[in-house]
Amino acid sequence: MVVANSVFRIVEETLPIILLFTAVGLFTGGFLNGIVNDTSMVPGLLIIVPGLLGLRGNISSALGARLSSGLHLGYISTKKFSKGLRANIEISILMSVFISFVLSVLAWQTCMYIGGTCMSLANFVLITVMTGFMSGIFMSFMTSGIAILSYRHGLDPDNTTLPAAASIGDIITMVCLLLTVKFVLGLGL
Amino acid sequence: MIETREVIKESLPVLSVCAAISILSGLFLGKNEGLLKMLPGILIIVPAFNAINGNISSVVSSRLSSALHMGLLKPDFRRSDILGKNIEAMVIVSVVAFFLLGIAAASVDSFMGAEAVSFMMFPLITLTAGLLTVMLLMLGSIFTSYLVYRHGLDPDNVVVPMLTTVGDFVGIFMLLLITGVVV
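Going down the list, the protein sequences come from chains A and B. All residue numbers for the first sequence refer to the numbering used here, where the first residue is 1 and numbers rise by one. All residue numbers for the second sequence refer to the numbering used here, where the first residue is 1 and numbers rise by one.
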């Protein structure tokens, strides 16, 4: 693989995956467009979008990598809900909430700095933390499910979990963001 | 086996730095909201555009680090056959992916009836912005892999997480810059 000695082979092996990710990315973009149409109601929201997507990708792939190691080493079982698994899921959700909070405060400050209209700090925090929490719960359980199922079927979870987490994570984050924005707008704070 | 406090202590600093850098990407998006509302096709391709850049650059850097580890590549900035072939292959993949992405953007735009830019302008925008970004990221990846490897660190642990975050930033910046120039 490394020494794939022809350009053609590298292209042949890489292109299909890249195109798959591109297609998934377009779905994510569709949701993003739906949210931006609401941004007159939630000004400054676009600032947190790359951060939310990046955060989800980073936390889910770290979780996937840790679970794969745990399964290979045997301290995470494929049969019962083990302590190691539980701790890993808790860490991911906890970190999602914490980093989302940091992200929302940074975004609010940035928004105030560049001027223009911004929603209140409370709205920034509420929308970002709720999105981080919801997508964190969903993605932690999904990543664990994929890792355990792969391992049970004799696949290396390192190879399956990471690409799945990266592509599904983006879509889930945008769906959660869209739902949260609708909810917060409904609250009318 | 798993020490909750350890994991949090090791990940929080990296994640916080990534969050801070990604705010810069968000800043560019927020500043160009008007442009993006005028051209929904461009907004819709932002996540896919970043995914292509991220994937291509992480594939290149993980290939580079494997080649370095196996001794097939020496970190000395000379012409090398393996490096050349990898770059060539990635340029081909990028051209195909960015061209298709441009066509997708153009279709979305004409479907939504927002015709601020002609159809063929979109592939032109995505190809120019995409190739510039990929080129910059590949240079960065080669340079940092060599540097990191020379200092006895494993490029796998350092270069990939850094590239994905910086890549989002460079990608969004380039995409909006080229779009702004064309419109």
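The set of hints was computed from the structure by calculation and includes no laboratory data. Some hints could be false.
[Claimed, not checked] Pairwise CB distance ranges, derived in the manner of DEER restraints: (1) B:113 with A:182: 21 to 29 Å; (2) A:153 with B:180: 47 to 55 Å; (3) B:147 with A:152: 21 to 29 Å; (4) B:72 with A:186: 53 to 61 Å; (5) B:152 with A:187: 49 to 57 Å; (6) A:77 with B:78: 29 to 37 Å; (7) A:187 with B:6: 37 to 45 Å; (8) B:124 with A:97: 39 to 47 Å.
[What the hints assert, rightly or not] Mimicking DSSO-like on lysine-lysine, the simulated pairs with C-alpha atoms at most 30 Å apart in a straight line are: (9) A:80 with B:37; (10) A:83 with B:9; (11) B:85 with A:182; (12) A:182 with B:74; (13) B:74 with B:85.
[Said to hold, decoys possible] Facing chain A, from chain B, some residues (calculated, C-beta under 10 Å): (14) 8; (15) 43; (16) 44; (17) 47; (18) 54; (19) 151; (20) 153; (21) 154; (22) 168; (23) 177.
The structure presented is a predicted model; accordingly, all values stated were derived computationally and were not measured. Just so you know, even glycine gets a beta-carbon here, dropped at the ideal spot from N, CA and C.
Going down the list of hints, with the structure as the test:
| no. | hint | verdict |
| --- | --- | --- |
| 1 | B:113 with A:182: 21 to 29 Å | holds (25 Å) |
| 2 | A:153 with B:180: 47 to 55 Å | holds (49 Å) |
| 3 | B:147 with A:152: 21 to 29 Å | violated (41 Å) |
| 4 | B:72 with A:186: 53 to 61 Å | holds (58 Å) |
| 5 | B:152 with A:187: 49 to 57 Å | holds (54 Å) |
| 6 | A:77 with B:78: 29 to 37 Å | violated (50 Å) |
| 7 | A:187 with B:6: 37 to 45 Å | holds (39 Å) |
| 8 | B:124 with A:97: 39 to 47 Å | holds (42 Å) |
| 9 | A:80 with B:37 | violated (49 Å) |
| 10 | A:83 with B:9 | holds (20 Å) |
| 11 | B:85 with A:182 | violated (49 Å) |
| 12 | A:182 with B:74 | violated (54 Å) |
| 13 | B:74 with B:85 | holds (15 Å) |
| 14 | 8 | holds (6 Å) |
| 15 | 43 | holds (5 Å) |
| 16 | 44 | holds (4 Å) |
| 17 | 47 | holds (4 Å) |
| 18 | 54 | holds (8 Å) |
| 19 | 151 | violated (22 Å) |
| 20 | 153 | violated (18 Å) |
| 21 | 154 | violated (14 Å) |
| 22 | 168 | holds (6 Å) |
| 23 | 177 | violated (16 Å) |
Against the hints set out earlier in the document, violations occur for numbers 3, 6, 9, 11, 12, 19, 20, 21 and 23.
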